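Visitor: So the sequences go chain by chain: F and U. Numbers in my numbering are just positions in the first sequence, counted from 1, shifted up by 147. Numbers in my numbering are just positions in the second sequence, counted from 1, shifted up by 147.
Treat the hints with caution; some may be incorrect.
Each pair may be met inside one copy or between any two copies, as identical chains are not told apart.
[As the list claims (entries may be wrong)] Below, simulated SDA-like cross-link-like pairs (lysine to any residue); rule was C-alpha separation at most 25 Å, straight line:
| no. | residue 1 | residue 2 |
| --- | --- | --- |
| 1 | Lys215 | Phe481 |
| 2 | Lys297 | Gln432 |
| 3 | Lys297 | Glu504 |
| 4 | Lys297 | Arg254 |
| 5 | Lys297 | Phe378 |
FYI, nobody ran anything at the bench for these hints, they're computed from the structure. Nothing here was measured: the structure is a model prediction, and the numbers come from that model.
Protein chains: 2
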Amino acid sequence: MLHNALSDLAIVEGVSFVAGPTCGIYLAQMGAEVIRFDQIGGGPDYNRWPLSPEGASFYWESLNKGKKSVALDLARPEGRELAQRLAASTGLFVTNYPVDGFLSYERLKPLRENLIALRIMGWADGKPAVDYTVNAAVGVPLMTGPVDAKGPVNHVLAAWDLLTGAYAAFSLVTAERARRADGRGREVRLPLADVAMASMGHLGFVAEALLGDGDRPRVGNNLFGAFGRDFATKDGERLMVIAITPRQWTNLVGALGLAEAIKALEAELGVDFAADEGPRFTWRQRIDPLFEAAFAARTLAELTPLLDAAGVTHGPYQPTSVGARDPRLAENLFDVGHPSGHRYPTPGAAARAHGEERPAPTPAPRLGQHTDEVLSERLGLSAGELGRLHDQGLIEQT
Amino acid sequence: MLHNALSDLAIVEGVSFVAGPTCGIYLAQMGAEVIRFDQIGGGPDYNRWPLSPEGASFYWESLNKGKKSVALDLARPEGRELAQRLAASTGLFVTNYPVDGFLSYERLKPLRENLIALRIMGWADGKPAVDYTVNAAVGVPLMTGPVDAKGPVNHVLAAWDLLTGAYAAFSLVTAERARRADGRGREVRLPLADVAMASMGHLGFVAEALLGDGDRPRVGNNLFGAFGRDFATKDGERLMVIAITPRQWTNLVGALGLAEAIKALEAELGVDFAADEGPRFTWRQRIDPLFEAAFAARTLAELTPLLDAAGVTHGPYQPTSVGARDPRLAENLFDVGHPSGHRYPTPGAAARAHGEERPAPTPAPRLGQHTDEVLSERLGLSAGELGRLHDQGLIEQT
Numbered sequence: 148m149l150h151n152a153l154s155d156l157a158i159v160e161g162v163s164f165v166a167g168p169t170c171g172i173y174l175a176q177m178g179a180e181v182i183r184f185d186q187i188g189g190g191p192d193y194n195r196w197p198l199s200p201e202g203a204s205f206y207w208e209s210l211n212k213g214k215k216s217v218a219l220d221l222a223r224p225e226g227r228e229l230a231q232r233l234a235a236s237t238g239l240f241v242t243n244y245p246v247d248g249f250l251s252y253e254r255l256k257p258l259r260e261n262l263i264a265l266r267i268m269g270w271a272d273g274k275p276a277v278d279y280t281v282n283a284a285v286g287v288p289l290m291t292g293p294v295d296a297k298g299p300v301n302h303v304l305a306a307w308d309l310l311t312g313a314y315a316a317f318s319l320v321t322a323e324r325a326r327r328a329d330g331r332g333r334e335v336r337l338p339l340a341d342v343a344m345a346s347m348g349h350l351g352f353v354a355e356a357l358l359g360d361g362d363r364p365r366v367g368n369n370l371f372g373a374f375g376r377d378f379a380t381k382d383g384e385r386l387m388v389i390a391i392t393p394r395q396w397t398n399l400v401g402a403l404g405l406a407e408a409i410k411a412l413e414a415e416l417g418v419d420f421a422a423d424e425g426p427r428f429t430w431r432q433r434i435d436p437l438f439e440a441a442f443a444a445r446t447l448a449e450l451t452p453l454l455d456a457a458g459v460t461h462g463p464y465q466p467t468s469v470g471a472r473d474p475r476l477a478e479n480l481f482d483v484g485h486p487s488g489h490r491y492p493t494p495g496a497a498a499r500a501h502g503e504e505r506p507a508p509t510p511a512p513r514l515g516q517h518t519d520e521v522l523s524e525r526l527g528l529s530a531g532e533l534g535r536l537h538d539q540g541l542i543e544q545t
Numbered sequence: 148m149l150h151n152a153l154s155d156l157a158i159v160e161g162v163s164f165v166a167g168p169t170c171g172i173y174l175a176q177m178g179a180e181v182i183r184f185d186q187i188g189g190g191p192d193y194n195r196w197p198l199s200p201e202g203a204s205f206y207w208e209s210l211n212k213g214k215k216s217v218a219l220d221l222a223r224p225e226g227r228e229l230a231q232r233l234a235a236s237t238g239l240f241v242t243n244y245p246v247d248g249f250l251s252y253e254r255l256k257p258l259r260e261n262l263i264a265l266r267i268m269g270w271a272d273g274k275p276a277v278d279y280t281v282n283a284a285v286g287v288p289l290m291t292g293p294v295d296a297k298g299p300v301n302h303v304l305a306a307w308d309l310l311t312g313a314y315a316a317f318s319l320v321t322a323e324r325a326r327r328a329d330g331r332g333r334e335v336r337l338p339l340a341d342v343a344m345a346s347m348g349h350l351g352f353v354a355e356a357l358l359g360d361g362d363r364p365r366v367g368n369n370l371f372g373a374f375g376r377d378f379a380t381k382d383g384e385r386l387m388v389i390a391i392t393p394r395q396w397t398n399l400v401g402a403l404g405l406a407e408a409i410k411a412l413e414a415e416l417g418v419d420f421a422a423d424e425g426p427r428f429t430w431r432q433r434i435d436p437l438f439e440a441a442f443a444a445r446t447l448a449e450l451t452p453l454l455d456a457a458g459v460t461h462g463p464y465q466p467t468s469v470g471a472r473d474p475r476l477a478e479n480l481f482d483v484g485h486p487s488g489h490r491y492p493t494p495g496a497a498a499r500a501h502g503e504e505r506p507a508p509t510p511a512p513r514l515g516q517h518t519d520e521v522l523s524e525r526l527g528l529s530a531g532e533l534g535r536l537h538d539q540g541l542i543e544q545t
């Protein structure tokens with residue numbers, strides 16, 4: 148079964164915020180045992196918003212689904228030594244702790260020669276950075292937002308964190324594959340900054356900025372370089388509509404009754420909008436009023452079959468509360484009870500093997516729920532040793 | 148070597164736009180042979196903007212680095228049959244072609260019993276969707292942008308596409324691992340919509356919208372639930388600054404000389420900003436003027452050491468043209484010549500194994516550069532057969 152593919156792997160994670168924890172979810176949802184350790188009482192992300200009405204972090208419990216939890220006192224040397232031993236214990240460790248701190252690879256490798264440690268970093272040189280500061284550095288906030296926005300517009304979605312988390316899962320499985328071949332441990336370093344800059348390169352932004360038309364100005368809600376934007380409908384809805392291929396464009400123009408008007412515009416401008424997607428973007432200020440009027444004259448219910456028949460991609464904007472109940476998005480949402488005491492729609496693995504069942508997601512642990520069990524199994528601590536650590540406040544079991 | 152970990156794998160891709168092509172880059176940069184096939188003359192993404200001054204697509208060449216290219220006439224049955232045979236030939240196929248079309252799993256499986264086909268989809272039911280329409284459905288554009296923005300604000304960065312590409316690479320390597328264990332082929336379906344909704348769940352947006360404070364209103368450039376936003380400096384720069392831990396907050400307040408003013412505000416409001424990050428967000432309209440004045444009184448050069456010493460994460464906003472030349476981002480950028488005839492900074496794999504060399508990226512192929520070589524090697528076509536296919540215009544070699 149696809150979702151058992153990693154069931155022979157156990158991964159320890161010492162991570163906070165988004166990138167590391169999502170990596171762990173992805174691994175756990177493919178069958179791996181994922182054990183996270185945290186400071187007793189919770190690390191820096193344990194109380195992050197959004198919160199439940201009772202004050203529990205929906206954020207933390209949503210980012211740590213399907214994992215085991217060990218609570219240690221990381222402020223004391225003996226607690227740190229336990230964390231080091233745990234980090235090395237399964238041979239696979241994911242962390243965003245500093246490159247040169249007590250969880251450096253140099254300190255861990257003597258505990259397990261073939262250890263793979265995947266280290267999520269900020270800048271490649273080890274200096275701290277987060278999604279927001281990396282985003283500021285690569286230029287996205289100066290291109291995002293309404294044409295008349297002043298200054299940078301941050302994204303709300305932590306896109307670089309999420310991308311780093313998925314790429315981390317890919318990198319970890321790849322490094323484990325390399326170890327199968329050569330038996331060697333490795334520290335794999337994955338800086339958020341490199342993920343972001345690589346993506347800007349892959350998408351052509353770097354070439355555009357340096358050799359093309361320069362830094363891209365804001366284009367509002369328009370799809371860059373083709374036809375795509377949002378439109379208001381007669382009944383007050385708002386739709387995103389995209390037409391890239393010649394067929395999509397021609398069908399859309401026809402469906403909206405704009406064939407004559409577009410033909411006249413093409414004659415005036417000496418362009419062929421169907422043959423080349425670029426002029427649809429270049430001349431958008433001439434095209435847009437035609438489409439705005441056509442959309443404003445029809446309700447969403449009238450437009451939907453027209454747009455479906457034209458083969459364009461389209462869809463209404465809706466808030467998350469509606470999205471979470473949208474039948475089109477419900478396939479991978481399961482009703483799960485969480486440590487906060489609340490039940491809510493909860494995603495399983497986004498990938499599924501056709502014809503195989505996709506397991507329902509399991510909730511996050513309580514902080515410290517598996518401390519004794521994990522330290523006994525992974526570090527071979529006896530009941531007496533666990534008792535002494537509890538007495539000294541170095542570990543906590545909940 | 149980490150970057151050889153996939154060197155025993157060959158992957159065929161029949162993909163366009165962003166998610167599939169980035170998946171292929173990630174696999175190629177870890178050593179896999181990645182062979183893409185396209186319509187002769189280019190598929191729907193071959194002329195996508197941004198373009199070079201001469202009209203070549205920076206987009207296409209940036210998204211297809213390190214791959215081989217086969218050009219076929221996919222409009223004719225014999226070209227489609229070649230694509231089917233090629234798709235099955237290596238046992239690993241990545242595609243965003245429709246689930247029920249000529250590259251359906253049902254049609255390919257008879258050609259290779261243990262085929263793994265990873266299918267990037269729009270909606271889970273097979274209906275078309277793209278990043279923009281999925282984004283509209285999950286609610287992000289209604290939370291993004293300035294507080295006073297009217298209507299949705301699309302992101303410029305195709306975040307869901309990028310995330311799907313990285314998760315696709317993870318899923319493919321995972322599925323190949325499953326096949327090593329059980330010998331079975333599979334169709335792995337990965338809908339953009341499920342990737343997006345899963346992420347909204349992982350980040351706590353779903354719980355917040357349904358059970359917490361409801362759909363999140365726009366909060367401009369603020370970090371939700373803690374202290375973080377952009378500030379203007381005396382010399383006209385703009386900085387993103389984030390303080391989450393008690394120590395970061397206290398250090399920042401001290402470094403900016405705001406300790407007394409913050410203490411007075413805490414007394415007035417009956418809160419402890421250091422102990423709890425939430426009130427820093429709740430009371431941001433009272434806090435902000437203090438910080439705005441403190442930043443506006445100092446230049447970027449004065450602020451940088453203060454902020455470094457305080458241990459907060461911070462950084463200036465800059466356009467992509469500056470980011471691409473930023474020494475902090477240069478570590479993974481290589482000077483590479485591309486099919487467009489231009490040389491520009493080009494990213495290698497974002498992950499590296501510490502102590503191992505990271506290979507320089509290799510450029511994209513010309514469209515159809517490897518047609519004869521691949522069809523000979525993978526499908527066993529003779530020189531005579533290739534000649535016939537060329538004569539009939541079914542394949543093209545460049």
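Visitor: Does each hint hold? Answer for all of them.
Guide: For each hint, the structure was consulted:
1. Lys215 to Phe481: within (20 Å within a copy, 41 Å between copies)
2. Lys297 to Gln432: Result: close both inside a copy and across copies, 21 Å intra and 19 Å inter.
3. Lys297 to Glu504: neither (49 Å within a copy, 43 Å between copies)
4. Lys297 to Arg254: neither (48 Å within a copy, 53 Å between copies)
5. Lys297 to Phe378: Both ways: Lys297 and Phe378 sit 23 Å apart in one copy and 13 Å across, limit 25 Å.
Violated hints, in rising order: 3 and 4; the structure is consistent with all others.
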